[in-house]
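Enquirer: Residues per chain, in single letters:
2 protein chains.
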Amino acid sequence: MNIRIYNVRILTMEAGKGIFRGEVWVKGDTIAYAGPVILDSKEKWDQEIDGRGNLLMPGFKNAHTHSAMTFLRSHADDMKLDEWLNTRVFPAEAKLTGEDIYWLNKLAIMEYLTSGITSVFDMYLNKPAAERTVKDTGYRMVICESINDFGGTIQEVEEDYHRYNQDPDRRISYQLGFHAEYTTSRELMEGLSGLSEKYKIPVYVHCSETKKEVEDCRTRTGMTPVAYMDSLGLFAHGGGLFHGVHMDEGDFDIIKKRGLYVVTNPASNLKLASGIAPVKRYLDMGIPVAIGTDGPASNNCLDMFREMFLTTGLQKAVCDDPEAVPAMEVLKMAAVNGAYAMGLPECDTLAEGKKADMILIDLQQPNMQPLQNIEKNLVYSGSKQNVKMTMVGGRVLYQDGNYYLDSSKEEIFARANESARRILG
Amino acid sequence: MNIRIYNVRILTMEAGKGIFRGEVWVKGDTIAYAGPVILDSKEKWDQEIDGRGNLLMPGFKNAHTHSAMTFLRSHADDMKLDEWLNTRVFPAEAKLTGEDIYWLNKLAIMEYLTSGITSVFDMYLNKPAAERTVKDTGYRMVICESINDFGGTIQEVEEDYHRYNQDPDRRISYQLGFHAEYTTSRELMEGLSGLSEKYKIPVYVHCSETKKEVEDCRTRTGMTPVAYMDSLGLFAHGGGLFHGVHMDEGDFDIIKKRGLYVVTNPASNLKLASGIAPVKRYLDMGIPVAIGTDGPASNNCLDMFREMFLTTGLQKAVCDDPEAVPAMEVLKMAAVNGAYAMGLPECDTLAEGKKADMILIDLQQPNMQPLQNIEKNLVYSGSKQNVKMTMVGGRVLYQDGNYYLDSSKEEIFARANESARRILG
Numbered sequence: 001m002n003i004r005i006y007n008v009r010i011l012t013m014e015a016g017k018g019i020f021r022g023e024v025w026v027k028g029d030t031i032a033y034a035g036p037v038i039l040d041s042k043e044k045w046d047q048e049i050d051g052r053g054n055l056l057m058p059g060f061k062n063a064h065t066h067s068a069m070t071f072l073r074s075h076a077d078d079m080k081l082d083e084w085l086n087t088r089v090f091p092a093e094a095k096l097t098g099e100d101i102y103w104l105n106k107l108a109i110m111e112y113l114t115s116g117i118t119s120v121f122d123m124y125l126n127k128p129a130a131e132r133t134v135k136d137t138g139y140r141m142v143i144c145e146s147i148n149d150f151g152g153t154i155q156e157v158e159e160d161y162h163r164y165n166q167d168p169d170r171r172i173s174y175q176l177g178f179h180a181e182y183t184t185s186r187e188l189m190e191g192l193s194g195l196s197e198k199y200k201i202p203v204y205v206h207c208s209e210t211k212k213e214v215e216d217c218r219t220r221t222g223m224t225p226v227a228y229m230d231s232l233g234l235f236a237h238g239g240g241l242f243h244g245v246h247m248d249e250g251d252f253d254i255i256k257k258r259g260l261y262v263v264t265n266p267a268s269n270l271k272l273a274s275g276i277a278p279v280k281r282y283l284d285m286g287i288p289v290a291i292g293t294d295g296p297a298s299n300n301c302l303d304m305f306r307e308m309f310l311t312t313g314l315q316k317a318v319c320d321d322p323e324a325v326p327a328m329e330v331l332k333m334a335a336v337n338g339a340y341a342m343g344l345p346e347c348d349t350l351a352e353g354k355k356a357d358m359i360l361i362d363l364q365q366p367n368m369q370p371l372q373n374i375e376k377n378l379v380y381s382g383s384k385q386n387v388k389m390t391m392v393g394g395r396v397l398y399q400d401g402n403y404y405l406d407s408s409k410e411e412i413f414a415r416a417n418e419s420a421r422r423i424l425g
Numbered sequence: 001m002n003i004r005i006y007n008v009r010i011l012t013m014e015a016g017k018g019i020f021r022g023e024v025w026v027k028g029d030t031i032a033y034a035g036p037v038i039l040d041s042k043e044k045w046d047q048e049i050d051g052r053g054n055l056l057m058p059g060f061k062n063a064h065t066h067s068a069m070t071f072l073r074s075h076a077d078d079m080k081l082d083e084w085l086n087t088r089v090f091p092a093e094a095k096l097t098g099e100d101i102y103w104l105n106k107l108a109i110m111e112y113l114t115s116g117i118t119s120v121f122d123m124y125l126n127k128p129a130a131e132r133t134v135k136d137t138g139y140r141m142v143i144c145e146s147i148n149d150f151g152g153t154i155q156e157v158e159e160d161y162h163r164y165n166q167d168p169d170r171r172i173s174y175q176l177g178f179h180a181e182y183t184t185s186r187e188l189m190e191g192l193s194g195l196s197e198k199y200k201i202p203v204y205v206h207c208s209e210t211k212k213e214v215e216d217c218r219t220r221t222g223m224t225p226v227a228y229m230d231s232l233g234l235f236a237h238g239g240g241l242f243h244g245v246h247m248d249e250g251d252f253d254i255i256k257k258r259g260l261y262v263v264t265n266p267a268s269n270l271k272l273a274s275g276i277a278p279v280k281r282y283l284d285m286g287i288p289v290a291i292g293t294d295g296p297a298s299n300n301c302l303d304m305f306r307e308m309f310l311t312t313g314l315q316k317a318v319c320d321d322p323e324a325v326p327a328m329e330v331l332k333m334a335a336v337n338g339a340y341a342m343g344l345p346e347c348d349t350l351a352e353g354k355k356a357d358m359i360l361i362d363l364q365q366p367n368m369q370p371l372q373n374i375e376k377n378l379v380y381s382g383s384k385q386n387v388k389m390t391m392v393g394g395r396v397l398y399q400d401g402n403y404y405l406d407s408s409k410e411e412i413f414a415r416a417n418e419s420a421r422r423i424l425g
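Residue numbers (UniProt numbering), protein chains in the order written: chain A, 1 to 425; chain B, 1 to 425.
It should be emphasised that the hints constitute simulated quantities derived from the structure, not laboratory data.
Be careful, since some hints might not be right.
One copy or two, either will do: identical chains are not told apart, so a pair holds if it fits within one copy or between any two.
To be verified - Derived lysine to aspartate or glutamate pairs resembling EDC-like cross-links, with alpha carbons at most 16 Å apart:
| id | residue 1 | residue 2 |
| --- | --- | --- |
| 1 | Lys-280 | Glu-156 |
| 2 | Lys-80 | Asp-320 |
| 3 | Lys-44 | Glu-411 |
| 4 | Lys-95 | Asp-82 |
| 5 | Lys-409 | Asp-362 |
| 6 | Lys-256 | Glu-215 |
| 7 | Lys-135 | Asp-216 |
| 8 | Lys-135 | Glu-215 |
| 9 | Lys-17 | Asp-321 |
| 10 | Lys-256 | Glu-190 |
| 11 | Lys-280 | Glu-329 |
| 12 | Lys-211 | Asp-321 |
| 13 | Lys-95 | Asp-362 |
| 14 | Lys-198 | Glu-99 |
| 15 | Lys-280 | Asp-78 |
| 16 | Lys-198 | Asp-248 |
| 17 | Lys-257 | Asp-82 |
| 18 | Lys-135 | Asp-169 |
| 19 | Lys-95 | Glu-48 |
| 20 | Lys-198 | Glu-346 |
| 21 | Lys-211 | Glu-158 |
| 22 | Lys-332 | Asp-362 |
| 23 | Lys-257 | Asp-362 |
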């Protein structure tokens, strides 16, 4: 499909470009042009979208989630992370089939689309189900390996690394990772370290989410999780830490030196009483931060607007500094940094040659008026209500409240409710 | 108009009633029936609304806002409260006309409607503009008096108390109040105290929003703002405190003894780096809490879903207690307590004889699925996107993204942008 979007304000997220009026051409899954109006073009279009009154920008990247946990939404709230994981999450997950995960992923994708999220860094069970979801829906997912002591071998990880990195369209791809230091043996971590070295690839992991996790690791190893994992060579080729809430001085230095990304998940960290990540400190040190929703079991929603407001709002309050983490910095985390964090540099900005992962923001809503500063409006007062269209890889998957997926909304809801009922009773 | 809403799940917010399926009858501005399905009714309806798949509940009450500050949205962010007030807000407000305020109020009302807010406790300049807005739009506003050293006399306040409490429909009403201890002379506060005593009426005020405010008051008076204002007799007939972030032990006792409401404004307190109010402590002491958005200049949006998540999420993190402030408690604050806080007991629940201020929540959206616990879904994953219909005083003012006001969306946006441009340049 060749699509032209015209009459529109454009925020490319390229440094220094600001917002300008113009048009964007999409050919196949790629942006063919993004710039001022072109008169007298001879191009033929399959679809033309009038963007009058709206803003076109790169989609948001959800840099840490567990999509299929939609079945646990509002099932187990108001509990501490470790109790929640051990008494509620793990027993329920043991009953999940690949078919469940396929439909629960689709439910999550619907919600991502409503929030302008065009790709996710998904850490969950059953990679074939993720691959099938992506193939059928047209969505873009990066699988984050989540091996741990409860399942998986280094050999399987190596096979998966090859298997899931063969999609020429990069709608499915794969990054090396593991669940967490506290669920993974030293032997396994050393194996992963070996793979990272063999292929010169980054490693991603849940890290320092709770105080208890850090204290337990210190008791066992004499080191913080960051220092201990670094001592095993896991970060020699970069990577990223999910959550990154409780850090000591040495940790900041390691993160900086290894060029790690930190993916902050502020809503989940509040709801599970895990704490508030030192995002301003990361930024002051030049450590790149991306944003994730975490899974819908802990958050409980998949809304990048909520996360963006929290990412700046919490820092302002905690640092007693209303200038902390300005709006444009937050937009960069959500739209650009997330792409790099999950290994999708071709999805960072709205520019020629990049993947056509874009969203149309409805500015003709009261929360966007008056139009004094659109970037600030997006971060401080934006909501799902403003997402008019979400395009992934050149395909419109959501527009004006309608979903353009291979299954109907009704079928996805019915299947997700069936799975939840069967598993949770 | 007589309206019947049928085929719908109903959450009346009456204690112990839970959610049931049934129908609701509206006659004029009042709820005539809310209960199980009635077969073979002979009633004639002007309009029947099929609520299949949705939830009907009382609207949210925004218990502290400054509606017409919409013109300052995204104009002055990232500043401390006192600098922000003195260098940005006050100089801009000096240029506002009644006509500006009328249109800026309408812009705010549009946004309230998208967020399911059916009444607001509005503290702002120019009461005639507020009255005119309410008359023309059909919305419900309670004016909170905001007298201070920069304008107003006790005699005018007394006149306004009578003038704005005459609407038989109670779409406009008036409560005694003043801006804040730090902007109001002792003489004026004593005058207000006298009026409160004369009419046995409550008093509302911004209170203990920032640390500096409390420290300055201690320096001047030797007391906290709560203790000082109480010593002047201001709370002898109850009332409420907006913000209530920085409290000492004695303050909690005074608030409890006087039966004061605390109206929490979590997003504004984060954004202005004012702090996090001790909401869990208030609840533990049995102090009733309501929720406000504060004005769009500090928040920057008017979204009760954001405030509800923050009201519980922040307490969980700050108190290191994921069980703090459960979802149903938050819903009660937003829908019920707010009504009492602003003197609208006839708007608290969805029951026969109450005002027909109701909202229809779209459960057929991915963030509400699966339907395991609807109350939790509302608080932890709800968004403006779920507001399908907002009814105030028996009139549908918003439905399926369309506004049913006396002016068009385009006109309101144009007028608001004109005002902002003229005043801010």
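Enquirer: State for each hint whether it applies.
Expert: Verification of the supplied hints:
Proximity of Lys-280 and Glu-156 under a CA criterion of 16 Å is satisfied in neither setting, with 38 Å inside one chain copy and 48 Å between copies. In this assembly of identical chains, Lys-80 and Asp-320 lie within 16 Å of each other by CA distance solely across copies; the values are 9 Å between and 27 Å within a copy. Within a single copy, Lys-44 and Glu-411 get their C-alpha atoms no closer than 36 Å, and across copies no closer than 36 Å, so neither meets the 16 Å cut-off. In the homo-oligomer, the alpha carbons of Lys-95 and Asp-82 never lie at most 16 Å apart, since the shortest distance is 20 Å inside one protomer and 56 Å across protomers.
For the homomeric pair Lys-409 and Asp-362, the shortest alpha-carbon distance between copies (13 Å) is at most 16 Å, but the shortest distance inside one copy (23 Å) is not. Within a single copy, Lys-256 and Glu-215 get their C-alpha atoms no closer than 22 Å, and across copies no closer than 39 Å, so neither meets the 16 Å cut-off. With identical chains, the CA atoms of Lys-135 and Asp-216 are never at most 16 Å apart, being 41 Å at best within one copy and 63 Å at best between copies. In this homomeric assembly, Lys-135 and Glu-215 never come within 16 Å of each other (Cα to Cα): the closest approach is 42 Å inside a single copy and 61 Å across copies.
Taking CA atoms no more than 16 Å apart as the test, Lys-17 paired with Asp-321 passes in neither setting, with 28 Å inside one copy and 44 Å between copies. In this homomeric assembly, Lys-256 and Glu-190 never come within 16 Å of each other (Cα to Cα): the closest approach is 22 Å inside a single copy and 59 Å across copies. Only within a single protomer do Lys-280 and Glu-329 lie at most 16 Å apart by alpha-carbon distance; the minimum there is 11 Å, versus 32 Å between protomers. Taking the closest pair of Cα atoms, Lys-211 and Asp-321 come within 16 Å of each other only across two copies (13 Å); inside a single copy the shortest separation is 24 Å, beyond that limit.
In this assembly of identical chains, Lys-95 and Asp-362 lie within 16 Å of each other by CA distance neither inside one copy nor across copies; the values are 41 Å within and 30 Å between. When the C-alpha separation of Lys-198 and Glu-99 is checked against a cutoff of 16 Å, the pair qualifies neither within a copy, at 34 Å, nor between copies, at 70 Å. In this homomeric assembly, Lys-280 and Asp-78 come within 16 Å of each other (Cα to Cα) only across copies, at 14 Å, whereas the closest approach inside a single copy is 28 Å. Taking the closest pair of Cα atoms, Lys-198 and Asp-248 never come within 16 Å of each other, the shortest separation being 30 Å inside a single copy and 59 Å across copies.
In this assembly of identical chains, the alpha carbons of Lys-257 and Asp-82 never lie at most 16 Å apart, being 30 Å within a copy and 40 Å across copies at closest. Taking the shortest Cα distances, Lys-135 and Asp-169 sit within 16 Å of each other inside one copy (11 Å), while across copies they are farther apart (57 Å). In the homo-oligomer, the alpha carbons of Lys-95 and Glu-48 never lie at most 16 Å apart, since the shortest distance is 46 Å inside one protomer and 44 Å across protomers. Proximity of Lys-198 and Glu-346 under a CA criterion of 16 Å is satisfied in neither setting, with 24 Å inside one chain copy and 70 Å between copies.
In this assembly of identical chains, Lys-211 and Glu-158 lie within 16 Å of each other by CA distance neither inside one copy nor across copies; the values are 32 Å within and 56 Å between. Taking identical chains as interchangeable, the C-alpha atoms of Lys-332 and Asp-362 are never at most 16 Å apart, the minima being 19 Å within one chain and 32 Å between chains. Proximity of Lys-257 to Asp-362 under the C-alpha cut-off of 16 Å is found in neither arrangement, the shortest distances being 41 Å within a copy and 48 Å between copies.
Checked against the numbered hints above, the structure breaks hints 1, 3, 4, 6, 7, 8, 9, 10, 13, 14, 16, 17, 19, 20, 21, 22 and 23 and satisfies the rest.
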